[in-house]
Structures are given as C-alpha cells and as structure tokens.
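Chemist: Given next are the chains, with one letter for each unit.
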Amino acid sequence: MKRGRVLWHLVKADFLTRVRRTSFLVTLAFAVFLGYQTFAGNIVMQLDDFRGVYNSAWVGALMGVVTSSFLTLVGFYIVKGSILRDETTRVGQILAATPMSKGFYTLAKSLGNFAVLASMVFVMAVAALCMQLIRAEDRTLHLWTLLSPLLLYALPSMAFVAALAVLFETLPVLRGGVGNVIWFFLWTGLLVAGIGPEATRGGLPTNADYFHDFSGLPTMMVQMRTTILQVDPNFHNNFSLSIGGRPPQHRFLWTGVRWDSVQVAARFTWFAYAIAAALLASVFFHRFDPARERFVRRREEAPERPPVEGLAAAKELVRSDPWAGRLTPLSPASAKNRFISVVAAELRLMLQGHRWWWYAVAGGLFIGCLAAPLPASSGGVILAAWIWPILVWSQMGSREARYATSSLIFSAPRALQRQLPAVWVAGVLVTLATGGGLAIRLLVARDLHGLAGFAVAVCFIPSLALALGVLSGGSKFFEALYTVWWYTGAAHHLRGGDFTGTVASSSRPALYLALTVILLAACWMRRRTQLAYA
Amino acid sequence: MKLTIDNVGKCYRGKVWALRRFSLELKPGVLGLLGPNGAGKTTLMSILATITRATEGRVRWNGTDLASNPNALRTVLGYLPQDFGVYPNLSTQEFLEYLAAVKGLDATAARRRIDQLLNLVNLADVRGRPLGGFSGGMKQRVGIAQALLNDPQLLIVDEPTAGLDPEERVRFRNLLSELSGERIVILSTHIVSDVEATATDIALISNGALVAHAAPEGLLRRVEGRVWEWVIPSADLNAVKQCYRVSNTMRRSDGVHVRVLTDEPPAGAQPVSPTLEDAYLDSLSVYRAGAVA
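Those protein sequence lines, which keep their order, are chains A and B. The numbering of the first sequence is this note's numbering, which starts it at 1 and goes up by one. The numbering of the second sequence is this note's numbering, which starts it at 1001 and goes up by one.
Any given hint could be a false lead.
Stated by the list, open to error - Residues on chain B that point at chain A, a partial pick, calculated with CB under 7 Å: (1) Thr1050; (2) Gly1085; (3) Ala1109; (4) Ala1212.
Claimed, not checked - Quick list of in silico lysine-lysine cross-link-like pairs, DSS-like style, CA-CA up to 30 Å: (5) A:Lys476 x B:Lys1139; (6) B:Lys1002 x B:Lys1027; (7) B:Lys1027 x A:Lys12.
No lab work stands behind these hints: they were computed from the structure. The C-beta atom is built at its ideal place from N, Cα and C for all residues, glycine as well.
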C-alpha cells in the first residue's frame, strides 16, 4: 500500500512537471495535428485502390495504426529525458538518498512516460470520435469497435516505448544523441519485425507472429485483406499508410478487428515487455552516483600549501601573498579580435571530446567522397559523410542552454552579430570536412548543377541544426528530425526531400536555399529574444 | 567611469516585482550589495550584466544607455554569475581560450592573460584537466578567472565566495580590494564578512528596494552606542530573545554570551563596538518595521 502511494506520487510529480511545460502543449498540438491530418484525408490507409467506409471500425483502425506507428516514433523523443531532468534539477540526488530501489525508480519513470504518451492517445481517441461524426459516411457509433484499436494496439506500443526511453537513458552509449539516431532504426525494425513470413506471402499469421507485432498494423492488415478479397478476388496484396498522395478510388465495408484470446494476450504481452525493459533499465541505472556518471569526479589536487583552519588563519597566510603585479593590464588594442578567431574557437569546441577513431572515420569519408566513382560518391558515400557528424551539428545553438553557459556567452559583446554566425560557419566547415571530397569531384567533372546542390546542402544542414538548436534549446529535435529526413528523403532520393542535392532527379537546390534562409532568419530572431539586448 | 542605475524595476511573469524604483550611482571602488535571500540582488546583477532587460528605468554606463548600446558596457564587463556551467569536455585552458575569443580578445593577449589568471586562481597545475571532473570550488575559481579575462572596468560578482574554502575566500577578497582601484566592482552576497573585508560602499537591498546606501563607517555610526553584550544562563535565552533584537549568541563555559541591539542597555550589559552585521540587521529591521507600519 505504502509502495503504491510512493509510486503514485512519483508518477504524478513526473507527469505534472511535464504537463506544466510549454513543450507538453506542443506535444498535444502534434497529436491534434496528426489527428486532423488523418481526418482531412492527408494520411491515407489503402489496400490496392480501396479504403474503408468511414465507420467506427475503419476510423478506429486508422487512428490506431497512425498512433502505434507514427506517434511511437515521435513519442520516444518526447518522453526521453526524464532521468536527465532529475539529474540536472538535482532532484535525483535527493531521491537517491531515500530507501527507494532502482527498479522502483525506473518503473515509476516508465509509468510517467506512459502517462504522457497515453494523453496523446486520448487526443487521438477524441479525434477519432469527431472524425467519424463529421465525415458522416456512417454516423452509427460503436464505441468498442472505434476505440479498441487505440486501446489494444496503441496503448501497449506506447507502454513499450515509454519503458524503452528509460532504458536508453540508463545505458551510457544510448542516453545521448547516438540513442536518438539508433531509435529511428530500431523503430523501423520493430515495425518490420511484426510482419511474419506467412503474412508477407499472403497467408495467415501464426500465433507467434502476434507476439512480435509491435504496432498491430500487420495483423490488422491480414484481417482487412480477408475482407477485401470477398469484394475483389484480384486483390494484389498492396497495403500502404501514406502521407499525401492520390486518394483511393474505391471503398469497402470493414467491420472491425476480430479479437481473439491469442491476439488480446499478445497485445498485453507488450505491457510485460515494457515492465521487463523498465526493470532491465534498473540494472544500468547509476542512481545519480557522480562516480558512475560520464565524467568521474577526481579528487581535487590541492596545491602544496600548509593546511589552513578558519578565516583568521587564512588571513594570516594570505597576508604574505600579495596580488599586486600579478595581473598586467590589457591594452585597448588587445580587446579586438577577428571574426575568424571566434570561428576557430567554436570549431574547436565542436570537435573537442571525440575519440581518435571519430576523426579517422571523418577523414576516411572525405577521402571516400574524393576517391570513389562519382555515382558512388554522390550516392552512398556522401550519405554516410552527412550522417556521421550528426552529433556535432546537433550541439549547435543549444550548447549554451545545455551546459548553462548562456550568462557567460550572452554577456559578451556582439553575441548575436559575432558568436552566432561563428557557430554557423563552424558548422559549415564540419559539413565540408566530411563531404568536401565530393565538391572536388563535381568541380573536376564540371557538374555545376551538382555543385550548386552540394553548396546549398552544405549551408542547409548546419542551418537546420542551428535553428532547431536555438528554437528548441536542445539537441534531440534535430537528431530526430534529421535522422528521419536523411533516411526517408536523402537515402531514398525522394523528390523534394533529398537535401543532399547531388542527384539530379531528386535535387531541389532552390527549395533548400529558400529553406536555409528561412531557418537562419528564424534562428536569428529567436536568439535576439534570448538576448536581453541584441 | 560611472554606472548610473536610474529608477530601475523588473517585473517577472505573474506580476511579481523583483526590483522596484531602484536608483544608485556608482564610481570606482567596491560596492557590497547586501540583502537577504530573494531581496532582488541577482535580478539587479542580471540587469547590470545585460542578461535581463529592466521592465522600467534606465541603466547608463558613462552616460550611454544600455538599452540603445549594450556593447558599450559588454566590452568592458566581467561577470561572474551565481549559477553558471562549463563545458565538461574542455580543459580550463581551452575553456578560457574559448571565452576570450567570444569576448573579443586577440589570441596573444588572451594567452598571456590566461597564464596570469590561472596562477592567480591557483589552477595552473590543473590547466589541462577536463572541467567535467572539477569540484564546485574549482569551477568557481574558473568562473572568477573568466570574469577577469578582459581586464574589466566593471566587474560584477554574484555570490563569488560560494563553495570556496577559507583560504581561497580570503585570497579572493584581497583580489577584489586590489582590483578596485580603477574600476567599479559590484559584489553581491549575503555573507556580511565578505563585504566587511572589501567594500568601500554598501547598498542594502530588501524586497527589491534600496534600504540604505552608505560607506561602511556611515552604517556603523547608525548603531554606535546601541550594541550591548552580557552573559546569561542558557535557560534565560528565550526570554531575552522575546525582549531584545538579538544579533548574536555564543555558548561558552560561563553561560551564553548575548549580543543585542537596543537603545536602552539591559541590566548588566556592557557596550561593545558595532560590527557591520549589527548595522545590517538593524537597517533591515528598521526598514521592515517601516514597511509594516
């Protein structure tokens, strides 16, 4: 009973801390936006050229799938950071001094994360209700049919994501930007893993398939296929959940997910996975022990001086230790440096702290861009070159907030006019340092269109990083967005989405130049408001 | 060299005024800014350091309004905030080099200055060690060094001795005294002995308002002949506290030595020389009594 009360208060405090922040409103706004996009028909689930009639079953299925796929990706980034918050606010040290066990703490943090994600599911449920009534293709409400995909597909997925976010935070390698990048690929893997081999071939899923279906999408898809085959025996087994695109031309009547005991048990298993992940996290959790944090505090090496006790004794000692003459005045001329010095300082700050192999890979990528055949260089090699420094870019614009150095930097002269542009130039140099080999190749090949696209990309990437860093005050937003953009837009050479600009068919230099200007303007304006006097 | 604070006020969200109609004119010397927790000291420091904009009023540096030209002050400003962070991957030397560049110092002058500063704050031996492993006191010394990087004409230090050991505290006080000759130093603290050791002027602040601004001697004169001390049994201490404004108590083998502020001497009490702490407590209680009335 007592433990239950402690757990309740931990989760409650965690939840209230988050919901009282502006970022929570942004989180809900995102859920509303996603709900609206689904309602407006911009997010479409279709089988060949069919979609379901907008009845409770179809709307519920659509919302459930959108939530357990798209929202789980974003939700992770939203909730990750709860342990870090306890660390930075130093509340963690107070908690560490209580009898609370590590497992209890990581479980409470997972529940806190889940409460936030569940509130987003709630928004989607309201959106589903509104959608069915406003779309009015079938106004008969079947609440269980409408809400069961959200309750049994979305909520268990969210519980697992909530616990994974805690697990990532406790693992030293995954707690930072590397974890943010890896999550995207892990999420992709989780979605794909749910599609069993039988289902891929058009057969029925086995019972085992249900248990590793993270989103519920594949098992729902199989049931829909059975229904649609009755309408169209020539169904080609094409299923898509897409944003935008041509709306399907035909409709069919979908009556909802037919839940059986195995499916329900499989969905509840994800709650068990979540508890297991939360408890696993407790194994790695450092319990706010500074000795186990990243920078091990070493004993202060006191200079060799006699021991001093109390102020009176200190005064005696210091009396014989005059200060005069130790500091020579600075001449006015020495207080004028060149912009390039600030750029060099920012560049040094950006590149500091990596291991030797990081620089070796970066150098290898430069050489790879230079030495590989041009199609490979402007394809796979440049992609690798422009994902490698992601954690360097992601510090841009947010480093001052992260390390609480704003008061030192922002009280320096011309912080807006000098320091901010210096950060951007340093970011451009980093982008060139890994991918610059391609520019030389394009120049030699006299591919001016490719070169223009490359130049714009070199400006665009650091602009995106700087703007998102300044606007969000953290690195996570850029790490998440850039990874998704890099994979879906650049790696697949999506027309309009490929910011690398080196493949003629997907390159849009003008678009990305305009975006660069907009991002820099937004970043400049935001930083102006952060400085009391610009 | 003149810093003018003219009717400055700062209102935070929720219409909470941290500072109201605050005026002061500062010339070279050390101003000790004293006040209880939440008095508005840090808000005032942030405004003077161009970190926060005042809601009302003006701050002028040598006649230049900060609102129109903050860089006029920033180029000659050294600021040690109460809470500040460091980049854990950088060494002390690298961190100071970075800040020197951001502050606009040229590389050669910066290197020479950093060498001197690291010796000054006793961090020369650990100049190459990453800041992430530093103790609170060592970080505070890095903060002191960065505040002096550009040889500032206006040095603002907010609770600078927090986390320093007694020896470093005395060293820092001496440093402030020696630096004050040709510059304005504003020392904000609630540790009266820090101010006592260094300040040429004292400003008392409470509830966002200026309570008193005077030289230490002037403040002490206000309580001259009103500070008394005598020895009482432990059992009588509560009764004495009810009757008098007690500024200090000390338990000794012969009983409790009580120090009180009062116009009429208690029976058996001896007059003693007032300290700045007596003057500070007296000024605050007089101000509070006036505010209540």
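Chemist: Less than 7 Å between beta-carbons is the criterion; does alanine 1212 (chain B) satisfy it with respect to chain A?
Modeler: Constraint on alanine 1212 (chain B) not satisfied, violated at 25 Å.
Chemist: Was the hint right that alanine 1109 (chain B) lines chain A, CB cutoff 7 Å?
Modeler: 3 Å, holds
Chemist: If you draw a straight line from the CA of lysine 476 (chain A) to the CA of lysine 1139 (chain B), is it 30 Å or shorter?
Modeler: Judged against 30 Å, a Cα distance of about 27 Å means the pair holds.
Chemist: Is it true that the CA of lysine 1002 (chain B) sits at most 30 Å from the CA of lysine 1027 (chain B)?
Modeler: 5 Å, holds
Chemist: Taking 30 Å as the top limit, are the C-alpha atoms of lysine 1027 (chain B) and lysine 12 (chain A) close enough?
Modeler: 52 Å, violated
Chemist: May I ask you to test the interface hint for threonine 1050 (chain B) with respect to chain A, counting a Cβ-Cβ separation under 7 Å as satisfied?
Modeler: Given a least distance of 5 Å, the restraint on threonine 1050 (chain B) holds.
Chemist: Given glycine 1085 (chain B) as an interface hint, is its Cβ closer than 7 Å to any Cβ of chain A?
Modeler: Holds - the Cβ of glycine 1085 (chain B) comes within 7 Å of chain A, reaching about 3 Å at its closest.
Checked against the numbered hints listed earlier, the structure breaks hints 4 and 7; every other hint is satisfied.
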